[in-house]
Amino acid sequence: EAGVTQFPSHSVIEKGQTVTLRCDPISGHDNLYWYRRVMGKEIKFLLHFVKESKQDESGMPNNRFLAERTGGTYSTLKVQPAELEDSGVYFCASSQQGGPFTIQYFGAGTRLSVL
Amino acid sequence: QKEVEQNSGPLSVPEGAIASLNCTYSDRGSQSFFWYRQYSGKSPELIMFIYSNGDKEDGRFTAQLNKASQYVSLLIRDSQPSDSATYLCAVNLGGNTPLVFGKGTRLSVIA
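Chains as they are written, first to last, in the working numbering: chain C, 1 to 115; chain A, 1 to 111.
Do not rely on the hints blindly, as some may be mistaken.
Claimed, not checked - With a cut-off of at most 30 Å between alpha-carbon atoms, the simulated BS3-like pairs for lysine-lysine come out as follows: (1) C:Lys78 - A:Lys56; (2) C:Lys41 - A:Lys67; (3) A:Lys56 - C:Lys44; (4) A:Lys67 - A:Lys2; (5) A:Lys103 - C:Lys15; (6) A:Lys67 - A:Lys103; (7) C:Lys15 - C:Lys78; (8) C:Lys44 - A:Lys2; (9) C:Lys15 - C:Lys44; (10) A:Lys42 - A:Lys56; (11) C:Lys78 - C:Lys41; (12) C:Lys41 - A:Lys103; (13) A:Lys2 - A:Lys103; (14) A:Lys56 - A:Lys103; (15) C:Lys41 - A:Lys56; (16) C:Lys78 - C:Lys54; (17) A:Lys67 - A:Lys56; (18) C:Lys54 - A:Lys103; (19) A:Lys2 - C:Lys51; (20) C:Lys78 - C:Lys51; (21) C:Lys41 - A:Lys2; (22) A:Lys56 - C:Lys54; (23) C:Lys78 - A:Lys67; (24) C:Lys41 - A:Lys42; (25) A:Lys2 - A:Lys56; (26) C:Lys51 - A:Lys42; (27) A:Lys42 - C:Lys15; (28) A:Lys103 - C:Lys44; (29) C:Lys41 - C:Lys54; (30) C:Lys41 - C:Lys15; (31) A:Lys42 - A:Lys2; (32) C:Lys44 - A:Lys67; (33) A:Lys42 - C:Lys54; (34) A:Lys2 - C:Lys78; (35) C:Lys54 - C:Lys44; (36) A:Lys42 - C:Lys44; (37) C:Lys78 - C:Lys44; (38) A:Lys42 - A:Lys103; (39) C:Lys54 - C:Lys15.
To be clear, the hints were calculated from the coordinates, so they are not data collected in a lab.
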């Protein structure tokens with residue numbers, strides 16, 4: 001079974017440009033999460049989808065970030081316009097629905113460099 | 001502010017020794033506790049999870065949880081050079097709630 005897939009693995013853009021990151025969760029996982037790690041900091045939560053609905057977007061830093069999950073399958077995270085402080089590694093995770101204790105499975109991340 | 005604290009390391013242990021990794025958390029409502037291992041440039045990989053106070057063993061790994069002290073640890077017995085990685089402690093409020101991570105502890109096992 002395929003794991004969580006993210007692409008691109010690395011993106012280098014200039015300040016002011018737009019970048020779109022994609023995440024394909026494990027098949028059948030209703031829950032999809034975006035996290036981000038900036039240099040020297042811990043991995044931090046951005047938002048959580050249940051199927052196509054945003055369950056929790058409390059971690060989104062500002063309105064330059066837009067996440068979508070049309071059809072409840074893959075998700076995209078768009079940054080427009082990108083700023084220097086957006087550089088970091090963006091991780092996607094997915095989990096099955098249900099139960100008091102669930103496991104989140106992570107992708108390898110997209111390393112975003114904004115110059 | 002919910003926080004998870006870990007010693008960043010590096011923690012160096014000789015091959016065959018026991019590696020002890022520690023983590024404290026601030027939110028007393030935390031229900032689930034996870035240890036992920038991450039090799040450079042790779043995805044965080046779950047190696048242990050624990051929900052109840054006490055010890056949980058899986059092969060060479062033992063997770064320990066003390067909710068009263070808000071403390072979680074991971075012991076790696078018979079450490080191998082292949083165990084050299086960053087170990088991330090993460091907690092959540094149970095169910096499908098978001099994970100709160102520590103910065104990670106870098107472990108180096110010396111052959």
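Here is how each hint holds up against the structure:
1. C:Lys78 - A:Lys56: Violated, at roughly 40 Å.
2. C:Lys41 - A:Lys67: 25 Å, holds
3. A:Lys56 - C:Lys44: Given that 30 Å is the threshold and the Cα spacing comes to 27 Å, the pair holds.
4. A:Lys67 - A:Lys2: 15 Å, holds
5. A:Lys103 - C:Lys15: Roughly 27 Å separates the two Cα atoms, so the pair holds.
6. A:Lys67 - A:Lys103: Given that 30 Å is the threshold and the Cα spacing comes to 20 Å, the pair holds.
7. C:Lys15 - C:Lys78: Cα-Cα ~14 Å, so holds.
8. C:Lys44 - A:Lys2: 11 Å, holds
9. C:Lys15 - C:Lys44: Holds - the C-alpha atoms of C:Lys44 and C:Lys15 are around 22 Å apart, at most 30 Å.
10. A:Lys42 - A:Lys56: 26 Å, holds
11. C:Lys78 - C:Lys41: Judged against 30 Å, a Cα distance of about 22 Å means the pair holds.
12. C:Lys41 - A:Lys103: 6 Å, holds
13. A:Lys2 - A:Lys103: 13 Å, holds
14. A:Lys56 - A:Lys103: Holds, at about 23 Å.
15. C:Lys41 - A:Lys56: Holds. C:Lys41 to A:Lys56 sits at ~29 Å (cutoff 30 Å).
16. C:Lys78 - C:Lys54: 15 Å, holds
17. A:Lys67 - A:Lys56: The hint holds at about 14 Å.
18. C:Lys54 - A:Lys103: Between C:Lys54 and A:Lys103 the Cα gap is close to 26 Å, so the pair holds against 30 Å.
19. A:Lys2 - C:Lys51: This hinted pair holds, its Cα atoms lying about 26 Å apart.
20. C:Lys78 - C:Lys51: The hint holds at about 18 Å.
21. C:Lys41 - A:Lys2: 14 Å, holds
22. A:Lys56 - C:Lys54: 34 Å, violated
23. C:Lys78 - A:Lys67: Outside the cut-off at roughly 39 Å; violated.
24. C:Lys41 - A:Lys42: With a Cα-Cα distance of about 17 Å, the restraint between C:Lys41 and A:Lys42 holds, given a limit of 30 Å.
25. A:Lys2 - A:Lys56: Given that 30 Å is the threshold and the Cα spacing comes to 25 Å, the pair holds.
26. C:Lys51 - A:Lys42: Roughly 26 Å between the alpha carbons, so the hint for C:Lys51 and A:Lys42 holds.
27. A:Lys42 - C:Lys15: Holds, at about 26 Å.
28. A:Lys103 - C:Lys44: 10 Å, holds
29. C:Lys41 - C:Lys54: 25 Å, holds
30. C:Lys41 - C:Lys15: 21 Å, holds
31. A:Lys42 - A:Lys2: 26 Å, holds
32. C:Lys44 - A:Lys67: 23 Å, holds
33. A:Lys42 - C:Lys54: The given pair, whose Cα atoms are some 27 Å apart, holds under the 30 Å limit.
34. A:Lys2 - C:Lys78: 27 Å, holds
35. C:Lys54 - C:Lys44: 17 Å, holds
36. A:Lys42 - C:Lys44: 17 Å, holds
37. C:Lys78 - C:Lys44: 17 Å, holds
38. A:Lys42 - A:Lys103: 16 Å, holds
39. C:Lys54 - C:Lys15: 28 Å, holds
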